[in-house]
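Undergrad: Sequence:
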Amino acid sequence: MYCGQGVYSLPFLWYFFEEHCLAAFSRWPFDSGCSCILIRMVEAGFIHCPSENASDVVQCIICFKELEAWEPEDDPVEEHQKHPPNCEFLAL
1 MYCGQGVYSL PFLWYFFEEH CLAAFSRWPF DSGCSCILIR MVEAGFIHCP SENASDVVQC
61 IICFKELEAW EPEDDPVEEH QKHPPNCEFL AL
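Under this note's numbering, read the sequence shown as residues 1 to 92, first letter to last.
Calculated directly from the structure, the hints in this document are not laboratory data.
Check each hint, because a few of them may be wrong.
To be verified - Derived DEER-like restraints, expressed as beta-carbon distance ranges:
#, residue 1, residue 2, range
1, Pro72, Cys49, 17 to 23 Å
2, Ala91, Ser32, 27 to 33 Å
3, Glu52, Ala91, 31 to 37 Å
4, Glu78, Gly33, 14 to 20 Å
5, Asn86, Ser55, 16 to 22 Å
Beta carbons are placed, not taken as given, at the ideal position from N, Cα and C, and that holds for glycine.
Required output: the full structure, derived from the provided sequences and hints.
TA: If you want it as structure tokens, here you go:
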């Protein structure tokens, strides 16, 4: 939704972000039986950027912190709060 003053509304930007980030998780190695499913990763501010040596590397779109070695029970928001705890995405 366009605000009419050269700025896009937050819901529009979130939709744009969410759709593109979900597409980036097309090869995410965790499924619906895990805490770190792709929608929760996106909601925590991450995009998927796998490497040749690690298929589960993610990066925050704001602080650019990369995290890997995810376990099925890891909570994406909790992990993001630990690394680094002052990321602006977490304040949104």
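Undergrad: For each hint, tell me whether it holds in the structure or not.
TA: For each hint, the structure was consulted:
Checking the proposed 17 to 23 Å range against Pro72 and Cys49 shows it holds: the Cβ atoms sit about 20 Å from each other. Roughly 29 Å separates the CB atoms of Ala91 and Ser32, a value that falls within the hinted 27 to 33 Å. The hinted window of 31 to 37 Å between Glu52 and Ala91 holds, with their beta carbons roughly 34 Å apart. Between Glu78 and Gly33 the Cβ separation comes to about 18 Å, which falls inside the hinted range of 14 to 20 Å.
Remark: the range hint 16 to 22 Å for Asn86 to Ser55 is contradicted by a beta-carbon distance near 28 Å.
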